[in-house]
Amino acid sequence: DVKVTQSSRYLVKRTGEKVFLECVQDMDHENMFWYRQDPGLGLRLIYFSYDVKMKEKGDIPEGYSVSREKKERFSLILESASTNQTSMYLCASSLNLGYGYTFGSGTRLTVV
Amino acid sequence: GDSVTQMEGPVTLSEEAFLTINCTYTATGYPSLFWYVQYPGEGLQLLLKATKADDKGSNKGFEATYRKETTSFHLEKGSVQVSDSAVYFCALKVTGGGNKLTFGTGTQLKVEL
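Here the protein sequences come in this chain order: A and B. Each residue of the first sequence is one higher than the last, beginning at 5 in our numbering. Each residue of the second sequence is one higher than the last, beginning at 147 in our numbering.
There may be inaccurate statements among the hints.
Said to hold, decoys possible - Straight-line distance between alpha carbons at most 16 Å, and here's what the computed EDC-like set of lysine to aspartate or glutamate pairs gives:
#1 A:Lys74 - A:Asp55
#2 B:Lys223 - A:Glu73
#3 B:Lys246 - A:Glu34
#4 A:Lys7 - B:Asp148
#5 A:Lys57 - A:Glu76
#6 A:Lys59 - A:Glu73
#7 A:Lys22 - A:Glu66
#8 B:Lys214 - B:Asp230
#9 B:Lys246 - A:Asp55
#10 A:Lys7 - A:Glu76
#11 B:Lys214 - B:Asp200
#12 A:Lys74 - A:Glu34
#13 B:Lys246 - B:Glu162
#14 B:Lys246 - A:Glu73
#15 B:Lys198 - B:Glu188
For the record, the hints were derived by calculation from the structure and aren't laboratory data. Every value quoted in this text rests on a predicted model; they were computed, and no experiment measured them.
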């Protein structure tokens with residue numbers, strides 16, 4: 005089975021801190037994604053990547069950046085964390101068109 | 147743009163009741179359709195999918211049929227169990243759309259004894 009691992013389940017950070025959320029997949033998937041999940045809003049796409057060093061903005065990229073230096077790793081960066089970025093963050097990967105995603109267990113980030 | 151509309155929850159059912167969670171979509175292209183399930187404290191798992199009109203996806207007793215004429219992909223199960231309590235997400239992916247999934251807002255299902 006494909007495994008997508010997110011480095012932290014729970015994270016508490018202070019306003020203004022730079023925050024790194026790490027995601028690693030072990031099945032050589034080309035595509036990787038970062039979503040945030042909020043009550044009543046479902047999942048919203050922040051950024052995605054379809055190859056090493058490639059990135060595309062999703063629907064809500066403001067306040068975030070990403071890095072994909074290796075195929076298996078996709079990092080989400082909050083340049084200066086704010087309280088409105090308190091959320092559940094979900095990483096996913098997929099092989100190609102027609103396949104669904106494999107999700108990580110999520111990182112619940114609280115910014116205080 | 148592409149979008150998915152799900153019925154609002156929570157949906158509360160007794161064990162062995164029949165389940166329907168409605169999902170309709172709008173898409174600029176010809177989408178593949180998915181249902182994902184999220185159990186408490188976990189990430190999302192693919193439950194079932196359908197890639198063309200009239201296809202029926204099925205898994206773990208759940209079914210959904212891709213209805214192009216009504217742009218719908220309703221999730222059904224004949225007899226729910228307490229262990230089915232979770233949040234269910236309908237999603238679509240349009241060919242050529244960068245392999246992105248567009249999700250609905252999710253429907254929480256609570257099954258009671």
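To see whether the hints hold, each was checked on the structure:
no., hint, result
1, A:Lys74 - A:Asp55, "9 Å, holds"
2, B:Lys223 - A:Glu73, "43 Å, violated"
3, B:Lys246 - A:Glu34, "13 Å, holds"
4, A:Lys7 - B:Asp148, "28 Å, violated"
5, A:Lys57 - A:Glu76, "12 Å, holds"
6, A:Lys59 - A:Glu73, "11 Å, holds"
7, A:Lys22 - A:Glu66, "14 Å, holds"
8, B:Lys214 - B:Asp230, "27 Å, violated"
9, B:Lys246 - A:Asp55, "14 Å, holds"
10, A:Lys7 - A:Glu76, "11 Å, holds"
11, B:Lys214 - B:Asp200, "7 Å, holds"
12, A:Lys74 - A:Glu34, "11 Å, holds"
13, B:Lys246 - B:Glu162, "35 Å, violated"
14, B:Lys246 - A:Glu73, "21 Å, violated"
15, B:Lys198 - B:Glu188, "29 Å, violated"
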